[in-house]
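With chain D held as given, fit chains X, C and W onto it using these hints.
Protein chains: 4
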Amino acid sequence: MGLWFTEKQTKDFGITAKINKSLHSEQTDFQQLDMLETEEWGNMLVLDGMVMTTKKDEFVYHEMVAHVPLFTHPNPKHVLVVGGGDGGVIREVLKHKSVEKATLVEIDGKVIEYSKKYLPEIAGELDNPRVEVKVDDGFMHIAKSEKEYDVIMVDSTEPVGPAVNLFSKGFYSGISKALKDDGIFVAQTDNPWFKADLIHQVYHDVKEIFPVTKLYTANIPTYPSGLWTFTMGSKIHDPLKVKPERFFDINTKYYTPELHQASFALPKFVKDLTE
Amino acid sequence: MGLWFTEKQTKDFGITAKINKSLHSEQTDFQQLDMLETEEWGNMLVLDGMVMTTKKDEFVYHEMVAHVPLFTHPNPKHVLVVGGGDGGVIREVLKHKSVEKATLVEIDGKVIEYSKKYLPEIAGELDNPRVEVKVDDGFMHIAKSEKEYDVIMVDSTEPVGPAVNLFSKGFYSGISKALKDDGIFVAQTDNPWFKADLIHQVYHDVKEIFPVTKLYTANIPTYPSGLWTFTMGSKIHDPLKVKPERFFDINTKYYTPELHQASFALPKFVKDLTE
Amino acid sequence: MGLWFTEKQTKDFGITAKINKSLHSEQTDFQQLDMLETEEWGNMLVLDGMVMTTKKDEFVYHEMVAHVPLFTHPNPKHVLVVGGGDGGVIREVLKHKSVEKATLVEIDGKVIEYSKKYLPEIAGELDNPRVEVKVDDGFMHIAKSEKEYDVIMVDSTEPVGPAVNLFSKGFYSGISKALKDDGIFVAQTDNPWFKADLIHQVYHDVKEIFPVTKLYTANIPTYPSGLWTFTMGSKIHDPLKVKPERFFDINTKYYTPELHQASFALPKFVKDLTE
Amino acid sequence: MGLWFTEKQTKDFGITAKINKSLHSEQTDFQQLDMLETEEWGNMLVLDGMVMTTKKDEFVYHEMVAHVPLFTHPNPKHVLVVGGGDGGVIREVLKHKSVEKATLVEIDGKVIEYSKKYLPEIAGELDNPRVEVKVDDGFMHIAKSEKEYDVIMVDSTEPVGPAVNLFSKGFYSGISKALKDDGIFVAQTDNPWFKADLIHQVYHDVKEIFPVTKLYTANIPTYPSGLWTFTMGSKIHDPLKVKPERFFDINTKYYTPELHQASFALPKFVKDLTE
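Note that the protein sequences, when read in sequence, are chains D, X, C and W. The letter at position 242 of the first sequence is residue 242 when you use UniProt numbering, and the numbering goes up by one with no holes. The letter at position 69 of the second sequence is residue 69 when you use UniProt numbering, and the numbering goes up by one with no holes. The letter at position 60 of the third sequence is residue 60 when you use UniProt numbering, and the numbering goes up by one with no holes. The letter at position 213 of the fourth sequence is residue 213 when you use UniProt numbering, and the numbering goes up by one with no holes.
In isolation and in its complexed conformation, chain D is listed as follows:
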């Protein structure tokens, strides 16, 4: 049947995917939520018309958000995920046995509900006893926290809709306060082909607050341009100076210790954004 989902990633360019059926469609209190069954990518979560995650390629994003900061930190115990209601980052976080408690603060409970229903491979660990799920505003949660977390991951949508203030300097200050004295934070910061200005700004905002600020990348085929950036702010620990013995074996499909290192080697035009 001729049913296709098209995401215009820019005004003039996009991706298009064959749809078997739409599994769920709802205007939640925060955004338009669609769960689609695609031929190429399996079940796909779409928020406000933008692909958030798919069964086939979700591992890249979730592994790279989680393992890079968690291996950089020598002993992460308390972890906070802001956003990330699909549960993928949480699933990866739990692979670190040092983590005693992982808190998820997702503003939209519907994202959690329908990820559990239609993306069980991703959301399956949200009921793990080491996990605390809060349906709440991440910005407010951060504002109320002080020296609580070893690692904070910001797994938000684009800086439109409910996520807009998760890309502000004030938010990064709040994160710094919410982190312990050797804490680390990572945020997804979009792609350098269409959003160079955003990356430039976030990087420099974070750099004014965190002594160690670095950008790293990963290939995510269903995200705009396929090249995704993550911005890390760290109070002490340097992701490029992880001791080899720190890298214990985990089961991954994208992340490796070599790639941990390599992902910080930026294409020249991306590196230029950090200068």
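No lab work stands behind these hints: they were computed from the structure. Values in this document were obtained by computation on a predicted structure and should not be read as measured data.
As the list makes no split between identical chains, a pair holds if one copy fits it or if it spans any two.
Here are the simulated DSSO-like pairs of lysine-lysine, each with C-alpha atoms no more than 27 Å apart in a straight line:
no., residue 1, residue 2
1, K117, K21
2, K55, K268
3, K56, K116
4, K134, K116
5, K271, K95
6, K253, K11
7, K56, K8
8, K253, K207
9, K77, K147
10, K243, K271
11, K268, K56
12, K21, K110
13, K95, K268
14, K243, K180
15, K21, K195
16, K147, K169
Relative to chain D, chains X, C and W alone:
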């Protein structure tokens, strides 16, 4: 105007780009050639319905095909480019002053003609006196060559149409024969998300012929999945053991010495294809 | 959300409609059945990728299939609808009080089931006591009938899939046999812009069997070209010689007595197909 | 090649056509002009993203705009076409030997230029000695004319862009003044499926000015919904009372004397717009 070009990169997934106008459209002796003016990517060369290169992102492919083997080789003098009629690889090759002669063997003269006309930033060096352009069958050219080249780059289309025998083991044997005793070759070998089998086969075919066989990657947003692989076969030189002093300064937008190294760190699921 | 349904009505032309959600999708024993919620047309029934009916424009087809033959016949009592599982033709047939019994023979029970569920305005009369619904092969039902019906309407899909033998001369012979001595039959016979050959053939096949054979048209915006043809075969009664007093008032949105007459005035290039 | 033109005829519905190549593309002083070579329809003229005419189906529109009023008038000598730069209406007008002079007033000279170049079958009579072509504002031309024309045809684009004031009551008054005492005018007035309000308004505006006001329809597959309306305002002559002997033979593909009559029999929901 509602004019869009859609490339179905798989049966069920594709990219779609707004077109201002089609600049040229022709069934050549070898393939359907289209030159399109796009909003997002500038002028775009399309062969048999597949995006070959665009003004905006061409630098990634051309730099990564050329500089990785050319810096790996300590003193490349004679270079052969098979395919690559748009001239982008040649432009990058000429940035290496050691190169005395760069030969381009492109089967379809129309690709050269219309790249010169509509992609002058890419094709501009095809008339350089250090360059020899032959409109000929690359497979036959290789078959007739013996210990002639320091570096051979295979810049072909997908293994359909005129390029089909450029992905055969016999072709790689011919390349080995055509290379000098410390020669290096690189071929573009598609993406691991949709063409894992092809990568697996080419890698192992090349490995039976070349002592040093390695895969590296680059992000090319207009190519399927955004993650492109290149397979390098080298008789002696190891791309991961380039002496730091070998890296002279060149003007690039993607390639850096750090990225040279990092591009060989493969995502786990890609690394698995080499085992 | 960027979800669109596209029907390629020919290899090179089609319509595209924004989809809110897919309500049901199933490969039945006979065909691919999709029920879509569209913005422009309301709920839409799609079989094998072809639009069958929509909430917004269904009245044209259903009124024109039913009322033209039913007003042509002076006193229709027993009516057969072959296909038409959505129930729209039946709904119109029942507006004729002379009709004592309307039999629907639909091969695919799923079409009936999901039309009742998602197109209740169309299917609402299928449970009327004057209606008999049989889930059966229309071709076989016709073959077993003799002088039974006053009017037979063939409301089939295109001549592909389960409907292919509903466009054969043998079928029209069977229909003639199944009709009473002054019976009338009507079949939908596609559009003259893309299917001129089919219309030409059906018209002449029917003409060899029925003394009065005529083509009439209606505008159906979601059908290919917007111009739909119906072929009527009648043993005695002439649709252009209906007595004015025969036209009692019925509630319609497309059909009128004037249009009954006018719908037989064919565009020149369509008229040529009947010669 | 995957090049398709899509016209969104409404926000949520459209047509899509395979393009071989774009022949010309230009922002004129008045509108965006595109000439496309399509597979299904042959060369296609597109203004501001809307299909104006195509080689394959142009005859419907041009014949129905021209012949209905010209046969209604007993002896048309002076004819004015407002808009219609492609020349199709003029070609049909010249089939009436009574016409001594046909004046075309097209605001955009580029439409004439590129129609002559790429649609010669349509524009071929623009150089006929009985034709006067003026590149001028139709609204102003009408304002300056008094009792000059037997028949005026308004062949405009949609009421957006340069054509917006061709749908105003003031314009119809001007037309009345420009017509002789038994003059007739016809305007294309869009489709009843998506633009019911426009038809309702134009009809009633015209009716306040012209004693005989009638709507007629034709099927144009590349226009929205496939069902097009034309509004006729006539000072004396009634299009439904043409004497049979008035209909001399002309070579047409759509228009016939029977269809002339039948085209005024409106679907019920369209007829309602005239009440």
